[in-house]
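Student: Construct the complete structure from the given sequences, taking the supplied hints into account.
These protein sequence lines are chains A and B, in that order. Under the numbering used here, the first sequence has 125 at position 125, and the numbering climbs by one with no breaks. Under the numbering used here, the second sequence has 1083 at position 83, and the numbering climbs by one with no breaks.
Since the hints were derived computationally from the structure, they do not count as laboratory data. On a predicted model such as this, the values are computed, not experimentally measured, just so you know. Note that the Cβ used here is the ideal one computed from N, Cα and C, for glycine as well. Hints should not be assumed to be uniformly reliable.
As the list claims (entries may be wrong) - One side only, chain A facing chain B, incomplete, derived with CB under 7 Å:
id, residue
1, Gly24
2, Tyr28
3, Leu56
4, Glu57
5, Thr59
6, Pro62
7, Asn65
8, Ser82
9, Ala110
10, Gly112
One-letter residues, chain by chain:
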Amino acid sequence: MIIFVLLNDTEMNIENTQSQMRKGVLEYCILSIIKRSEAYPGDIIDEMKDAGLQLLEGTLYPLLNRLKNAGILSYRWVESTSGPPRKYFHLTKKGDEFYILLQATWNELAMGVETLTRSRGESHENQSE
Amino acid sequence: MKINQNRIHMKKVININFQGQVIAIEETAYEILKQYIGSLKAYFSREEGGDEIVNDIECRIAELFGNRLKHGINCITDEDVKSIIDSIGRPQDFDSDYEETVQAGQESSSSQPGTGSSGAPKSDEAWLAGSERQSLHRNANDRIIGGVCSGLAHYFKTDPVWIRLLFVLFFGFLFWIYIVLWIILKPKMLESNVSKRLYRNPNDRFIGGVCGGIAAYFRIDSWIPRLLFLVPLLLNMIGMISIFPLNRIFDKVGFNWNINSSLVVVYVVLWAIIPVAKTVKQKLEMMGEEDYIRSIREKVTDNVASSKNRTANEESLSQSKEKENVYHAEVPGGRGSTTGMEEMPPEPPLSEHRTAAVSPPERSGCLNTLVIFLKIIFFSVIGIFLLVLVGLLVALLVTGTHLSPLKSLFIDPGYETSLLFTALGLLFLVPIIGVVTWIIRRAMKAKSRPAIGIVASVLWIVGLVISGVLGARIADKFSVESSSERAVVVMPVNSTKMYVEMLPYGEDYAEFKSGYGPGTNIDELPYLTINEDSLLFDKINLLIGKSNDSLFHVRVISAIHGTDLRSAKADITQFSYEIVQKDSLLLLPEFLSVPVQQGFRNQSITVEISVPAGKTIEMSEALRDYKDNRPPAVVRKRIKNYSRNTNYLPVDISEEGEVFMTFSTDSI
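Tutor: The structure is reproduced here in structure tokens:
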């Protein structure tokens, strides 16, 4: 019983960290997709999937809604042949600024993480060699 | 996912208008979809713009359906809906995190799309159990008052119902704990972490679905708990009929209330603390997955059977009335084959259903609590009211003959009697017939018809008005209070002591044993002589006073109520109360006797004995009650006026011996 609980705890920690890592990146990913071209949620999901980042659609809609409410995104209705009209999202002026800030932060972060992990990895490999 | 597919040969397919799309969908799939959207709606209702989010998701689902239908599939099946739900995610998946299934998805994104529905929630639950166990929160997700019980249950990994029950049972001291916890703990959205929970079953309910839920929980037939709830009630009814009930009803308040009312209370409490299973997930928790799917299947096959009957009769009916387009598809082989689908007016948009179905959880918690509270009050009042009605009716039926002389005490024959019977009939029979029809219609699952209820209520109110009129007429008989006094001639007594003894009534008399309810100043009902020509009242008051000369004096003051003074005076003259003196022995009759036509008008007799100085009076123990009686107001007033003139002083009673009490005015 105790072992079970402990196991659960460690599992939880990993998952928690993983999801924490993903959460921050998610908005950035979505904004970058929209920044490239207007997109409706189906496109976003597909692009994310193609990039190997799977996300629950159910979490995408509230996120888009929040970003829209924050004035970062705006949308227009486009008629669709295969179903109901779609919402095509695009960045607002505020959204552009927001995106640039995020981009800067991400580059900084990615570079830092890259250098940090690579040097570790190399030193590790060196040791093993 | 489908169990025993080879046993199902037919599935009902309906056309729905979903976000402007006409979608052919299996009814079971539609049911799942409806529940799912309901759960989304409930989940997102907390968020700003929640409706819009749900609407977006609906659009997406409609689009996915459209894509599927384009690929040559005839209709949307359970699997289609489930895989779409899996890709969109259930509310319980959202809280954990945005990309909860990334890992699983990457590993097996294409290989096994079907297993997600059964596999994912379990791991999810385990995960949640681990993550939120450490801290105690109030559960904002599942609450009746403050979510404290639910939070505790989450902490201990039990069903909240048990914790709630504990709090209800030990209301006294746990109440403060509850309040303290309510203040201390922070609210948090918690997902249930037990796989099986007690819910009220909305699909198998008679009143609140409590018994249905209990049955589902213990996997028994739902008539078993129902019977358990009803048996004591039925036994009690039988008991009431077989035993002469009138004095039981009036003497002990309530006819074995202890069992019946406690059962009613238990039911109401359970009703309040057990949540109703609304979403698919909750229904799964209530029944267990397999049972739930089986129950859906049974429902579907039922519908198929009934729709068969309908199609037989359909020729004469105009087809436009039918909103559902029902056709039978061979499920095992016939998915690919063409099935004739007529164009039918589609069902009203799904969104309309939903707003009606899921609106309760959107109310604020406070209002919800209030509603539940009002519900409890309402139904307990109704329940108690009905029990009393039924009890009284049974009592009236059984004891009608016993009560008829009682009736004549207050009610004149003729007009008032017909008023009485009309009022009784309307007041008792209408609700009972109404409830019985309601239960029968409920059992038959007939549509409710408000007209019946309105007619019944109007009739009942008419009954109420008539009884009000009758009550006013009866009250009118007590509007005037009158009294008259006469002096009884007492021969001079030689000895220094006078004995007062009761003169027992010589004939047989029938007795009304019933005590009378509070609020009236009638202590005991009168007695009736066997030949039923006179009424005997024992409302005789005895007063001892001080004589202002050397003789014993006895006065008799008669008092009566009436509609007017003239009739009251006329009635008083008919009183028969003769005091007999035998030397030093004074005999007071046991009863005041009046003609039976007078009825009950609060007749009373006050006997005042004035004792001269130096002499004593000894009173029989039998007269103690008379001594303790309090004369009516009109008599007290008369005595007060009298004593003002004659220095009347009440005498202290000194009790000596067992048989006789001695009174003496010497001590004064």
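Student: For each hint, tell me whether it holds in the structure or not.
Tutor: Quick rundown of the hints versus the structure:
Given the 7 Å rule on beta carbons, the hint for Gly24(A) is violated: about 10 Å separates it from the nearest Cβ of chain B. Hint status for Tyr28(A) relative to chain B: violated, with the closest Cβ pair at about 12 Å, above 7 Å. The interface hint given for Leu56(A) is met, as the beta carbon of that residue sits about 3 Å from the closest beta carbon of chain B, less than 7 Å. Taken as an interface hint, Glu57(A) checks out: its beta carbon lies about 4 Å from the nearest beta carbon of chain B, inside 7 Å.
Taking 7 Å as the C-beta cut-off, the interface hint given for Thr59(A) holds, the closest approach to chain B being about 5 Å. At its closest, the beta carbon of Pro62(A) sits 5 Å from a beta carbon of chain B; the interface hint therefore holds under the 7 Å criterion. For Asn65(A), the interface hint holds, since its Cβ comes within 7 Å of a Cβ in chain B; the closest pair sits about 5 Å apart. Hint status for Ser82(A): holds, given a least beta-carbon distance of 5 Å to chain B, under 7 Å.
Because the smallest distance between the Cβ of Ala110(A) and any Cβ of chain B comes to about 18 Å, over 7 Å, the interface hint for this residue is violated. Taking 7 Å as the C-beta cut-off, the interface hint given for Gly112(A) is violated, the closest approach to chain B being about 23 Å.
Of the numbered hints stated above, those contradicted by the structure are hints 1, 2, 9 and 10, listed in ascending order.
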